[in-house]
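Those protein sequence lines, which keep their order, are chains A and B. Per this note's numbering, residue 1 is the first one in the first sequence, and the count goes up by one each step. Per this note's numbering, residue 1 is the first one in the second sequence, and the count goes up by one each step.
Derived by calculation from the structure, the hints in this document are not laboratory data. Every residue gets a Cβ at the ideal spot worked out from N, C-alpha and C, and that includes glycine. You can trust all of the hints, since none of them are fake.
Derived list of chain B stretches under chain A, where covered just means 3 residues or more per stretch with a C-beta under 8 Å from a C-beta of chain A:
| no. | region |
| --- | --- |
| 1 | 33-44 |
| 2 | 49-63 |
| 3 | 76-89 |
| 4 | 211-223 |
Sample of chain B residues lacking proximity to chain A, with all beta carbon distances greater than 10 Å (derived):
| no. | residue |
| --- | --- |
| 5 | Asp118 |
| 6 | Val127 |
| 7 | Gly144 |
| 8 | Ile182 |
| 9 | Thr235 |
| 10 | Asp239 |
Now the stretches of chain B that chain A is said to cover, found in silico as 3 or more residues with beta-carbon under 8 Å:
| no. | region |
| --- | --- |
| 11 | 153-161 |
| 12 | 188-195 |
Number of protein chains: 2
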Amino acid sequence: MAATVFGAPATTNDTKAPPPRNFGIVMYDSYDLLDIAGSVEPLYLLSSRQRLNLSLIAETLDPVYMRPAPSENYTTGSHFQLSVNPTHTFADPPEDIDVLFVPGGGGERFGNITAAVDFIRATYPKVKHLITVCTGAGVAAQAGVLDGKRATTNKWAWKEITPTGRNVQWTSPARWVVDGNIWTASGVVAGVDLILEFIETFYGRELAHTIQGATEFKRTFDPCDDPFAAWHNVTPSGDCRLTPSIYGK
Amino acid sequence: MAATVFGAPATTNDTKAPPPRNFGIVMYDSYDLLDIAGSVEPLYLLSSRQRLNLSLIAETLDPVYMRPAPSENYTTGSHFQLSVNPTHTFADPPEDIDVLFVPGGGGERFGNITAAVDFIRATYPKVKHLITVCTGAGVAAQAGVLDGKRATTNKWAWKEITPTGRNVQWTSPARWVVDGNIWTASGVVAGVDLILEFIETFYGRELAHTIQGATEFKRTFDPCDDPFAAWHNVTPSGDCRLTPSIYGK
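Isolated chain A, as found in the complex (with noise of 0.2 Å):
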């Protein structure tokens, strides 16, 4: 058990590039909150640690809600919905992100993300890193960013975000992928996988340690551990293996 909890890479992956500051995340109706929340607590356990900003960006700063207002009451009957306010709009959004974070979530495929996706467009070229996580590929991969890239997204919706994508070497199976500055995780939790990488490659990997053990996380170290891949039957395509020399390793 040990062995595949606590296993890490013989060598270090420390950069010495300053440290990513100001995060800005993509807000939008129907993100998915476990997207946010996998990759927003480690980054607040470090903020204790590192000094970071945390912006929420969405249309207006009106709450955003998980499921959009059309469909709140679903066939079901249920009603299941939590909102979170934005810090800031599309239109006057904070300066100087250094890394612009994109969840997924059902908007990206029943609401309008036009906004979101206008935002993105405009904002990757001035920003240092993008991360999406699970179908936020689908949203990035509609603003033109991941275009030529390798990318992954969520094996369950493979087949309904790909093609929002087709200019995007879209990478299975792949826990999560990097291409320069752009970092995609496959579905959901895979996002505390790549936040743990990420934290590991910036801020080191005694800090990526600490904030896997308080958040008793069995992480993924490998980009190629991808057993959900086949769960979904997803065709592979691409190489998982390039992932880690992108950035040193």
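Based on these hints, arrange chain B on the given structure of chain A.
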């Protein structure tokens, strides 16, 4: 890999009891976002297949923050904040809560959680199930509702939390513990294992399996599979093997 990720007990533990419908989350400033999201997300996916209702209950209807206001300006200079909107107050909660959910977070250590503790004490006798995740067990312990029960909490915070419930049978190692109608998870991500077990128990294995696949969560099926007890040097106590027998395994 498949064996550990997808392995499941050979017998079903689905019950014939009517499944819980109404979930209420106890909110307080300095909640742990991932404790909440780790359960809300699987239940949200379930809510498209089953009628489920979610309430977020706090002292007031004002936004509730990840970090209490007085400490928002950390010593690191970080501004890392996220707020969620309650739907109900402790004074006017929803009727017929089936499942009361208590997340952890810094609040139970350095915030004012008196109102939350009082609400849990008054409400527990009316609900069908109590779930705590991470240091949420410390909040429930202060309400006295864990007295005489077996329970667990985050192994990282073990020495800080367990003294808040001197009459609790604290159990470690344990990924999660079930004692009667009280379900307690270890730290943060252990809550996802707990909620999938809860879903499997009350809504059936197929839905738990589907949700695991959608969230790409490498689930722990054995409540004794808790490497973080040793990671954090927690002295063994109680017996994690008692857990499954409580609800019919």
